[in-house]
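J.: Produce the complete structure using the sequences and hints provided.
Protein chains in written order, with the UniProt record's numbering: chain A, 1 to 372; chain B, 1 to 372.
Careful: at least some of the hints might be erroneous.
[Unchecked claim] Distance condition first, Cα-Cα at most 30 Å in a straight line; then the derived DSSO-like pairs of lysine-lysine:
| no. | chain 1 | residue 1 | chain 2 | residue 2 |
| --- | --- | --- | --- | --- |
| 1 | A | K161 | A | K44 |
| 2 | B | K16 | A | K292 |
| 3 | A | K108 | A | K83 |
| 4 | B | K124 | A | K52 |
| 5 | A | K16 | A | K226 |
| 6 | A | K292 | B | K44 |
| 7 | B | K292 | A | K288 |
| 8 | A | K83 | B | K292 |
| 9 | B | K137 | B | K124 |
| 10 | B | K137 | B | K244 |
| 11 | A | K108 | A | K7 |
| 12 | A | K44 | A | K292 |
| 13 | B | K124 | A | K44 |
| 14 | A | K83 | B | K288 |
| 15 | A | K16 | A | K197 |
| 16 | A | K197 | A | K161 |
| 17 | A | K292 | B | K83 |
| 18 | A | K137 | B | K292 |
| 19 | B | K352 | A | K292 |
| 20 | A | K352 | A | K363 |
| 21 | A | K352 | A | K16 |
| 22 | A | K226 | A | K44 |
| 23 | B | K288 | B | K352 |
| 24 | A | K288 | B | K83 |
| 25 | A | K83 | B | K52 |
| 26 | B | K363 | A | K44 |
| 27 | A | K44 | B | K83 |
| 28 | B | K288 | A | K44 |
| 29 | B | K363 | B | K52 |
| 30 | B | K44 | A | K44 |
| 31 | A | K292 | B | K288 |
| 32 | B | K52 | A | K52 |
| 33 | B | K16 | B | K244 |
| 34 | A | K124 | B | K52 |
| 35 | A | K52 | B | K83 |
| 36 | A | K52 | B | K44 |
| 37 | A | K83 | B | K44 |
These are calculated hints, taken from the structure and not from any lab test. Just so it is clear, the structure is predicted and the values come from calculations on it, not from any experiment.
Number of protein chains: 2
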Amino acid sequence: MNMHIGKFSIHNTDGKARAGELHTAHGVIPTPIFMPVGTQGTVKAVCPQDLKDLGARIILGNTYHLYLRPNDEMIARRGGLHKFMNWDRPILTDSGGFQVFSLSGLRKLSEDGVTFSSHIDGSKHVFTPEKVVSIQKNLGSDIMMVLDECVPYGADHEYTKKSLGLTTRWAARCRAAYPQGSGDQLLFGIGQGGFFKDLREESIRQLLDIPFDGYALGGLSVGESKAEMMDILYHSAPLLPADKPRYLMGVGTPLDIVRGIDAGIDMFDCVMPTRNARNGTLFTSQGKVNIKRAQYTEDDSPLDPECSCYTCRNFSKAYLRHLYQAQEILSYRLNTIHNLAFFLTVVTDARKAIEEGTFQAYKARFENIYDT
Amino acid sequence: MNMHIGKFSIHNTDGKARAGELHTAHGVIPTPIFMPVGTQGTVKAVCPQDLKDLGARIILGNTYHLYLRPNDEMIARRGGLHKFMNWDRPILTDSGGFQVFSLSGLRKLSEDGVTFSSHIDGSKHVFTPEKVVSIQKNLGSDIMMVLDECVPYGADHEYTKKSLGLTTRWAARCRAAYPQGSGDQLLFGIGQGGFFKDLREESIRQLLDIPFDGYALGGLSVGESKAEMMDILYHSAPLLPADKPRYLMGVGTPLDIVRGIDAGIDMFDCVMPTRNARNGTLFTSQGKVNIKRAQYTEDDSPLDPECSCYTCRNFSKAYLRHLYQAQEILSYRLNTIHNLAFFLTVVTDARKAIEEGTFQAYKARFENIYDT
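T.: Written as structure tokens, this is what we have:
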């Protein structure tokens with residue numbers, strides 16, 4: 001094992017915001033970082049060369065989806081996910097837990113793990129902590145995540161408390177299945193605790209007894225108000241170890257990301273830029289643009305005058321609107337390229353602002369443009 | 001008007017096969033050439049930079065579709081189709097006739113033109129020869145096509161004879177609406193005549209009285225057998241003026257194209273490479289590949305070992321099959337890139353073979369791989 005793998009260094013801070021670097025088997029990730037989501041072995045509508053052109057440094061793969069199709073053992077026989085999809089930069093895989101609770105059917109939870117049925121063909125499967133580590137080892141991701149129970153929004157204190165205990169025991173079993181330093185893959189723990197500050201504290205406290213290469217906050221952006229999310233985020237982020245990367249799972253809007261950085265988070269992923277691109281909702285330096293609106297029918301200006309992505313350099317809003325209205329595949333591609341460029345620029349610019357000590361001004365600018 | 005526009009020179013022949021160059025307002029097209037079809041202002045699933053990377057020298061736009069959506073006058077206000085879609089190489093537009101007869105509803109044919117209803121919203125429209133020239137002027141294509149009646153397969157001698165007379169009168173009206181040399185756009189005539197050799201001869205004879213910048217054969221690949229198509233093709237192509245570009249509309253398979261070149265045709269277009277790509281049917285130097293077949297599940301080899309396109313350089317058949325099975329947008333893109341690379345290579349290699357006097361061997365090689 002390369003001795004640098006897992007090394008995390010912070011070279012600048014601005015308030016709680018941090019600029020650093022995480023070493024992985026497939027290269028160094030500058031933080032704060034945004035990870036485009038590549039659910040089924042592809043970031044939807046773009047190819048690896050596009051992602052490199054956009055400056056993506058790490059992408060996320062979904063364990064649940066890749067396990068079901070094409071199957072992790074098949075991917076292992078292809079030499080792992082990097083080789084299969086031809087992406088030679090870092091990959092983080094989630095544990096599949098979130099998808100089991102949000103996408104699959106017939107869930108049955110026990111101490112051992114969770115039984116669920118595939119959203120593709122209804123077939124029955126079991127995820128245990130050991131199983132999801134085994135799958136992620138087959139995928140060969142740079143960063144693996146522990147299996148956790150994703151508590152639905154609205155769960156009460158008692159249920160949430162019981163659940164976080166299970167999540168901790170599962171986290172320990174994941175670590176045991178892949179002891180620290182046993183290979184080139186890193187393993188991150190996940191703090192849960194719903195919307196109870198005492199339980200968030202308890203969950204993180206329990207996790208600290210287990211040596212992880214990074215720590216995540218899970219269970220946010222699950223239906224709560226922005227105020228609730230921010231309250232928990234700003235309370236919990238500083239409780240995560242300062243010398244390890246901190247990852248806010250599945251969040252969020254550009255403003256959520258900027259606020260997450262403000263709270264001391266280093267890593268983000270969200271389907272928002274890619275999914276919204278396909279729905280015609282585009283993020284720009286002037287705010288959100290719904291490209292299907294009639295006002296863009298004859299608008300020859302680029303989508304975002306401050307953006308230098310392929311879409312903004314080459315096409316007008318009128319053309320993008322036409323492609324969207326005509327349901328052309330190129331619409332998905334050009335919109336996705338732009339939205340990813342925007343999200344990736346947010347974290348790159350945030351990092352620069354932290355280095356220059358101007359992060360609060362950067363955040364204020366965002367709060368003027370995006371109110372959610 | 002640039003004095004070279006419309007100039008067509010043949011610099012090599014091999015049998016009836018010709019290698020030449022056609023000058024247009026947006027550059028010189030080497031012939032024989034294949035034109036990817038960009039129906040709605042985009043070649044489906046790829047962007048202009050992809051087409052350039054693939055070596056596409058000219059693309060086709062569909063007058064019927066662009067007239068209905070986003071509308072030719074709107075495109076004219078954007079500076080024309082080239083600027084709207086950001087493609088600075090030549091564009092040929094069809095007249096819309098074929099789509100009126102194949103896609104739209106409620107057709108009513110008269111001496112004046114054809115009344116039809118939109119396949120999008122059922123609205124009623126009229127195409128006259130003058131109207132389709134006006135639309136193509138608005139689009140600003142390099143090569144315009146005359147309006148013709150597309151006779152359905154199985155039409156009898158009497159109907160077909162009457163129809164080709166109408167097509168000739170419409171052709172003359174198109175020419176009158178855009179006199180030769182009146183602008184930077186070229187106008188091609190279209191020979192019809194169904195599957196009757198005497199009528200094919202008569203149609204072409206009538207067209208020769210009108211000065212066109214090129215001549216097309218229409219009404220092939222409409223349901224007939226390959227033998228019938230080839231019989232008419234080999235009979236008709238040599239009757240078209242030798243000193244003008246000859247265009248076989250809407251044809252066809254790689255072998256059809258090679259045989260078309262053999263018959264003396266210079267230009268081709270077909271939705272086959274792009275449409276079949278989206279259906280998972282891929283053309284390779286070893287024959288057709290149906291990428292969804294189970295035999296490719298764990299096939300780590302490239303789709304076509306002789307192909308140097310982005311898809312073949314970077315991905316395995318196993319990955320392409322996975323993308324297809326998962327209905328990922330990237331599947332359409334990677335398959336389209338490969339199929340276009342294959343079709344464009346067919347005509348490039350054919351041209352080289354003509355220059356080297358080895359075209360018959362090239363054709364024989366194709367007949368060994370593709371039987372249709």
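J.: Now, for every hint given, state plainly whether the structure supports it.
T.: Quick rundown of the hints versus the structure:
no. : hint             : in the structure
1   : A/K161 to A/K44  : violated, 37 Å
2   : B/K16 to A/K292  : violated, 51 Å
3   : A/K108 to A/K83  : violated, 34 Å
4   : B/K124 to A/K52  : violated, 48 Å
5   : A/K16 to A/K226  : holds, 20 Å
6   : A/K292 to B/K44  : holds, 19 Å
7   : B/K292 to A/K288 : violated, 39 Å
8   : A/K83 to B/K292  : holds, 21 Å
9   : B/K137 to B/K124 : holds, 22 Å
10  : B/K137 to B/K244 : holds, 22 Å
11  : A/K108 to A/K7   : violated, 38 Å
12  : A/K44 to A/K292  : holds, 20 Å
13  : B/K124 to A/K44  : violated, 38 Å
14  : A/K83 to B/K288  : holds, 26 Å
15  : A/K16 to A/K197  : holds, 19 Å
16  : A/K197 to A/K161 : holds, 11 Å
17  : A/K292 to B/K83  : holds, 21 Å
18  : A/K137 to B/K292 : holds, 27 Å
19  : B/K352 to A/K292 : violated, 46 Å
20  : A/K352 to A/K363 : holds, 12 Å
21  : A/K352 to A/K16  : holds, 15 Å
22  : A/K226 to A/K44  : holds, 27 Å
23  : B/K288 to B/K352 : holds, 23 Å
24  : A/K288 to B/K83  : holds, 26 Å
25  : A/K83 to B/K52   : holds, 27 Å
26  : B/K363 to A/K44  : violated, 40 Å
27  : A/K44 to B/K83   : holds, 28 Å
28  : B/K288 to A/K44  : holds, 26 Å
29  : B/K363 to B/K52  : holds, 26 Å
30  : B/K44 to A/K44   : holds, 16 Å
31  : A/K292 to B/K288 : violated, 39 Å
32  : B/K52 to A/K52   : holds, 20 Å
33  : B/K16 to B/K244  : holds, 14 Å
34  : A/K124 to B/K52  : violated, 48 Å
35  : A/K52 to B/K83   : holds, 27 Å
36  : A/K52 to B/K44   : holds, 23 Å
37  : A/K83 to B/K44   : holds, 28 Å
The earlier numbered hints that this structure contradicts are 1, 2, 3, 4, 7, 11, 13, 19, 26, 31 and 34.
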